[in-house]
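For reference, the chains in residue letters:
Number of protein chains: 2
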Amino acid sequence: MKKDRGLLFVLSGPSGVGKGTIMKEIRQQETNLKYSISMTTRQPREGEIDGVHYHFTEKEKFQEMIENNKLLEWAEFVGNYYGTPIDYVTETLDKGDDVILEIEVQGALQVKKNYPEAIFIFLMPPSLSELRNRIVGRGTEPEDIINNRLSIAREEIEMMSLYDYVVENDKVELACERIKAISIAEHCRRDRLEDKYKQLLEAE
Amino acid sequence: MKKDRGLLFVLSGPSGVGKGTIMKEIRQQETNLKYSISMTTRQPREGEIDGVHYHFTEKEKFQEMIENNKLLEWAEFVGNYYGTPIDYVTETLDKGDDVILEIEVQGALQVKKNYPEAIFIFLMPPSLSELRNRIVGRGTEPEDIINNRLSIAREEIEMMSLYDYVVENDKVELACERIKAISIAEHCRRDRLEDKYKQLLEAE
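Protein sequence lines correspond, in order, to chains A and B.
Under our numbering, read the first sequence as residues 1 to 204, first letter to last.
Under our numbering, read the second sequence as residues 1 to 204, first letter to last.
Keep in mind that a hint or two might mislead.
Calculated cross-link-like contacts (lysine-lysine; reagent style DSS-like; alpha-carbon spacing at most 27 Å) [said to hold, decoys possible]: (1) Lys112(B) <-> Lys112(A); (2) Lys24(A) <-> Lys180(B); (3) Lys198(B) <-> Lys198(A); (4) Lys198(A) <-> Lys112(B); (5) Lys180(A) <-> Lys112(A); (6) Lys198(B) <-> Lys112(A); (7) Lys19(B) <-> Lys171(A); (8) Lys59(A) <-> Lys70(A).
Restraint ranges, calculated between C-beta atoms of paired labels, are given here [stated by the list, open to error]: (9) Glu158(A) <-> Asp4(B): 18 to 28 Å; (10) Asp4(B) <-> Val172(A): 51 to 61 Å; (11) Glu177(A) <-> Arg27(B): 48 to 58 Å; (12) Lys95(B) <-> Gly47(A): 43 to 53 Å; (13) Lys171(A) <-> Val78(B): 10 to 20 Å; (14) Glu25(A) <-> Arg154(B): 52 to 62 Å; (15) Glu30(B) <-> Val172(A): 12 to 22 Å; (16) Lys95(B) <-> Lys61(A): 34 to 44 Å; (17) Gly47(B) <-> Glu30(A): 32 to 42 Å; (18) Glu177(A) <-> Arg154(B): 31 to 41 Å.
Source of the hints: derived by calculation from the structure; they are not laboratory data.
Quick caveat: nothing in here was measured; it's all calculated off a predicted structure.
Beta carbons: idealized from backbone N, C-alpha and C, even for Gly.
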């Protein structure tokens, strides 16, 4: 029997939050999540393998893919392009497997537009919870420092509202456990399954 | 610092689906889920321990609790009362721990009314998925049998729409894993956390 379409998970969050570390750990564990490898025009660094760390490509090829809508999301950083080839994602989802992308916040916004049914996970720096403890528990910091921290926190919270889940990266193993739990729980959501069963019964 | 309020999980589903088996397994594993022990007026069976399997009580005491709104839900089966004492649930949630109830569908409807913020998990008999395979894959059954099965499936699906999650009880260990994943993922839901962070920042 045909498997249901897979789910697309997008792991994102502020730069420096540890997305790469979490993703590396998840790739090493046994999960149903297929990792989508990004494409880039930058030169491989020592030890980087084409098709493992990145798909390395030429600028002309990348621009052609942009023009032909072959990228789910893309961005330019310091003269190099980075993006997610759409074909791998679509083919994997069609096969019934789940896909996880690890991308920057701007890329996540593009995926939200191009594939709104994706599940968006915001990786939260542990500093916000530390900040939280500090604000609530002490009240001894100078006012301008507290205000600056709160302003950063507020910006992060505004981003947060575009996401479905917030995972605090307090410990790598805990954050990974939460992401895996989300990927299992999402398959059990009643609204998702109800449609499936209804379609099935109506089709008969 | 004060912990957030715990979450209330309600595990329910058609009778005979295996709720008791699943619950027994979950109680033996290491989770953050505190199990709420039901109260009953029926006699203890051999091996049943007061305060472990049930809180055994007198009919008068139970009726008094109904009158004083001390039960989150209750029902009468073959002359005996069964119910969930509200105090244990409230105190445990207030302490910041999660609670799981294992109750019949009618009881779940009462909890939905009395504590709508609970998370409702519908345990699905594996027969529906078998049925599904049968309907889709073969088409060789006599029409009246298919219709009867579909009618049962339809009733179950109507119940389903009151729930947040549907967990198929295909294998005990898989069903338990899904329930535990749901309990972790629910704590990561952005709408839940966003309120928390917003309240925190606004309070400052």
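To see whether the hints hold, each was checked on the structure:
no. : hint                                : verdict
1   : Lys112(B) <-> Lys112(A)             : violated (32 Å)
2   : Lys24(A) <-> Lys180(B)              : holds (24 Å)
3   : Lys198(B) <-> Lys198(A)             : violated (38 Å)
4   : Lys198(A) <-> Lys112(B)             : holds (23 Å)
5   : Lys180(A) <-> Lys112(A)             : holds (21 Å)
6   : Lys198(B) <-> Lys112(A)             : holds (23 Å)
7   : Lys19(B) <-> Lys171(A)              : violated (33 Å)
8   : Lys59(A) <-> Lys70(A)               : holds (14 Å)
9   : Glu158(A) <-> Asp4(B): 18 to 28 Å   : holds (21 Å)
10  : Asp4(B) <-> Val172(A): 51 to 61 Å   : violated (23 Å)
11  : Glu177(A) <-> Arg27(B): 48 to 58 Å  : violated (20 Å)
12  : Lys95(B) <-> Gly47(A): 43 to 53 Å   : holds (49 Å)
13  : Lys171(A) <-> Val78(B): 10 to 20 Å  : violated (50 Å)
14  : Glu25(A) <-> Arg154(B): 52 to 62 Å  : violated (44 Å)
15  : Glu30(B) <-> Val172(A): 12 to 22 Å  : holds (20 Å)
16  : Lys95(B) <-> Lys61(A): 34 to 44 Å   : violated (58 Å)
17  : Gly47(B) <-> Glu30(A): 32 to 42 Å   : holds (39 Å)
18  : Glu177(A) <-> Arg154(B): 31 to 41 Å : holds (37 Å)
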